Amino acid sequence: MNADASHSISQEGYTHRIRRHFMGDSFARNGLRVIIGLFVIAALAPFLANSHAIIRVADGRVTFPVFPSMEPIEWRFLLYVPLAGIVYFFRARFLRHLGVHLLFVLGIIAVIEISLAMTHPVNDPTNDRDRPASFKLMPLIPYSPVESTPDQFSPPTWKHPCGTDSTGRDIAARMLHGARTSLSIGFVAQSIALVVGVTLGGLAGYYRGWTDILVCRFIEIMDCFPPLLLILVAISLFASQNNMFYIMAVIGLTSWTSLARLVRGEFLRLSSQPFPQAAQALGASDFRVIVRHLLPNALGPILVSATFGVASAILIESSLSFLGFGMQAPTPSWGDILSDARRYIDFAWWLAFFPGLAILTTIMSYNFVGEGLRDAVDPRLKVK
Amino acid sequence: MTTYIFRRMLLMVPTLLGITLLTFLLLRISPINPALIKGAGTAEGGRAMTAEQREELIKFYDLDKPAPVAYVLWLGKVLRGNLSDSFVDNRPVAEKIGERMRLTISITGAALILSYLIAIPLGVVAAIKRGRVMDRSISFVVFLLYSIPSFTAALVLILLVAGGDYLNLLPMYGANSVDASVMGPFAWLWDRILHMILPVTCLTYASLASISRYTRVSMLEALGQDFVRTARAKGLPERVVILRHALRNALIPIITIFTLEIPVLISGAVIIESIFTLPGMGQLMFQSLDAGDYPVIMGLTLLIAIVTLVSYLLADILYAVVDPRITYE
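For the protein sequence lines, the chains are A and B, in the order given.
The letter at position 75 of the first sequence is residue 75 when you use this note's numbering, and the numbering goes up by one with no holes.
The letter at position 95 of the second sequence is residue 95 when you use this note's numbering, and the numbering goes up by one with no holes.
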């Protein structure tokens, strides 16, 4: 044994080891790449599918019609570009305290999402496809997700690569913009579930006694509801509002129980170990013990569970849309296209195929990432 | 142990009260209203009725009373063994649920048994071939299947093999053909089986992932234990080591997971039942929500909650039964 080898081993921290294991798993690595790719596509959706030109030169004036045509809701993904830049710039520091910083970044994303989810796109009848111009650069799919074209039920063609639906809306455009709906709902719903689950589970596991009994009964009550009942009743309460935030909140507030169970178990296990007791003996407050000592140690399993949770939130949203309770028109979502598919299934296969494929890809990627994280975090399953 | 079971049963009471009260209040404040009141005054669906008739119905169903009072009245009826009558067709709720239960249990039961029969061997093979091509392809396939939303699979299957433009092998919807009532018993059974193939397939494939992953992990743990090494050292054939020594121990956690899936047997699958128009429990719940049929919703909620709680208890008891190291004192 030489000194160098032992030195380099001791240098490798917990987060580094997890990262090495995670990136060594090809399923997990590619799953993460697909998710990042989907977020990039979602962020760029207005530039990929839009009835307005990106650059238009007419009468000697250069205009960018795509920007004024964007609704606030369409701007939000663009805010992630500077955020991603900041994370990349400070990546060394970010990785050193992965837990705290990850929660911080996720928190920022959740705030952006929630604050902008209150609006929804409106149908803008104008388009730049037929307007004469000396030069124009149209997006890849020159249709907006909400506009109806005269071609109804067009199968996939060069003009409409994924076909059109019953009112002639371009499916490719709806898919690209629907990616935003599905990704944000999965993300925000799970963030809400994370906050509720970690808080309640943490309190139960830390304080035990009566708090524990009350929280456990509450978890039990939530778990015993027939599937979808709570969600459908809650959605009917907000049905007139028709906005994404309520769907996110309802899914999040009904899917936190498994996280709460997990966090409670972890906290029960951790708080009987010496290190939180040492912190308490040094005079640390309960809040400090929970947030600085217990939470970072439970973060691995929490992240694993949350990753699977995002997948299931996306699935729940698309099931709801399929049953006709999810996002309402004109907001495009994958589940909404699928519910259309149900009516015309005997001939319009493209209405089921493309959104089904998109949902499958997204959910599978999240699940592979979750599975890879689980293997990386769980020391029991390591190859000896 | 008996004290433990008794204490757990006592703890079920506040949980059941909580669930039913919460459902009751949520229904009352939600815009889900009994159809007979929504339809009142309009000619729609022939539900037109006079104001007096309407008042009478509201009174009859306790809808004029404040929610807490109505809840206590409902609870009183339940304690006397009466789940009240449906708002929609005035039949007893217990009868309506009872006639749906057989179909739902046969579909979900078949799916549950099938998925265990397929998933456990997959998990065992994946554990034995850990990290090799076999293991990775099994985990890829089960995750792929798990990620296909059941409604997409159902739509694609209908399109491909049932009634679409491609193959027309299986019936598209319903639990039986239209002329089922005049069939002989064997023809009836065959007809039913043909109708069940697609729904059972759709319910089975998705649960393969979790069961086979559990089996794999639990099998890996068992294979790493000393008694497996001893068995190998004795010179037992590998087949005996795996099937007799490792698998038996690996199945212990699987049994308890099986218990936790019992509630699904009863509650049914809302989406699959609605796509294939199967008159099961999931469809009943969905229709009752749609029609604002409070008594049926409450009855279903109560039944599913009881089954869920009992199966949780059963899982905990089974844990202790199969593993003598666990005691509840």
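Derived by calculation from the structure, the hints in this document are not laboratory data.
Incorrect hints may appear among the rest.
Unchecked claim - Stretch by stretch, here's where chain A covers chain B in the computed footprint (C-beta under 8 Å, at least three residues):
no.	segment
1	5-15
2	21-30
3	131-144
4	266-272
5	300-313
As the list claims (entries may be wrong) - On the chain A side, residues computed to face chain B include the following (Cβ under 8 Å):
no.	residue
6	Cys224
7	Leu229
8	Val233
9	Ala281
10	Gly283
11	Ser318
12	Leu338
13	Arg342
14	Arg343
15	Leu360
16	Ile363
17	Asn367
Unchecked claim - Pulled from the structure, derived: some chain A residues nowhere near chain B, Cβ distances all over 10 Å:
no.	residue
18	Phe39
19	Thr157
20	Gly209
21	Leu228
22	Leu270
23	Ser272
24	Trp349
25	Pro355
Everything numeric in this text was worked out from a predicted model, so none of it was measured.
Using N, Cα and C, we set each Cβ at its ideal position, and we do this for glycine too.
Against the structure, the hints:
1. Residue count for the segment 5-15 of chain B with a Cβ under 8 Å from a Cβ of chain A: 3. That meets the three needed, and the coverage hint holds.
2. Against chain A, the segment 21-30 of chain B contributes 6 residues with a C-beta closer than 8 Å to a partner C-beta. That satisfies the three-residue criterion, and the hint holds.
3. Residues of the segment 131-144 of chain B with a Cβ under 8 Å from some Cβ of chain A number 6, which satisfies the need for three, so the listed coverage holds.
4. As drawn, the segment 266-272 of chain B meets chain A at 3 residues by the rule of a beta-carbon pair under 8 Å; at three or more, the given contact holds.
5. As drawn, the segment 300-313 of chain B meets chain A at 7 residues by the rule of a beta-carbon pair under 8 Å; at three or more, the given contact holds.
6. With a least beta-carbon distance of about 4 Å to chain B, the hint placing Cys224 (chain A) at the interface is held under the 8 Å criterion.
7. At about 7 Å, the closest approach between the beta carbon of Leu229 (chain A) and any beta carbon in chain B falls short of 8 Å, and the interface hint on this residue holds.
8. Because the beta carbon of Val233 (chain A) sits about 5 Å from the nearest beta carbon in chain B, less than 8 Å, this interface hint is met.
9. With its C-beta approaching chain B no nearer than about 31 Å, Ala281 (chain A) sits outside the 8 Å limit, and its interface hint is violated.
10. For Gly283 (chain A), the shortest C-beta to C-beta distance to chain B is roughly 36 Å, which exceeds 8 Å, and the interface hint is violated.
11. For Ser318 (chain A), the suggested interface contact is upheld, since its CB lies about 6 Å from the closest CB of chain B, less than 8 Å.
12. Taking 8 Å as the C-beta cut-off, the interface hint given for Leu338 (chain A) holds, the closest approach to chain B being about 7 Å.
13. Hint on Arg342 (chain A) holds. Least Cβ distance to chain B is approximately 6 Å, under the 8 Å limit.
14. Hint status for Arg343 (chain A) relative to chain B: violated, with the closest Cβ pair at about 11 Å, above 8 Å.
15. At about 5 Å, the closest approach between the beta carbon of Leu360 (chain A) and any beta carbon in chain B falls short of 8 Å, and the interface hint on this residue holds.
16. Among the interface hints, the one on Ile363 (chain A) holds; its C-beta lies about 4 Å from the nearest C-beta in chain B, closer than the 8 Å criterion.
17. The beta carbon of Asn367 (chain A) comes within 5 Å of a beta carbon in chain B, closer than 8 Å, and the hint placing it at the interface holds.
18. The claim that Phe39 (chain A) lies off the interface holds: its Cβ sits roughly 18 Å from the closest Cβ of chain B, which is beyond the 10 Å cut-off.
19. With a least beta-carbon separation of about 19 Å from chain B, Thr157 (chain A) lies farther than 10 Å from that chain, consistent with its non-interface assignment.
20. No beta-carbon of chain B comes within 10 Å of the beta-carbon of Gly209 (chain A); the shortest separation is about 15 Å.
21. The Cβ of Leu228 (chain A) sits about 5 Å from the closest Cβ of chain B, inside the 10 Å cut-off, so the non-interface label is violated.
22. In this structure Leu270 (chain A) is separated from chain B by more than 10 Å, as the shortest Cβ-Cβ distance comes to about 21 Å.
23. Even its closest Cβ contact with chain B, about 18 Å, leaves Ser272 (chain A) beyond 10 Å, as expected for a residue assigned away from the interface.
24. The beta carbon of Trp349 (chain A) sits about 6 Å from the closest Cβ of chain B, which is not more than 10 Å, so the claim that it is off the interface is violated.
25. Separation of Pro355 (chain A) from chain B is inadequate, the least Cβ-Cβ distance of about 8 Å not exceeding the 10 Å criterion.
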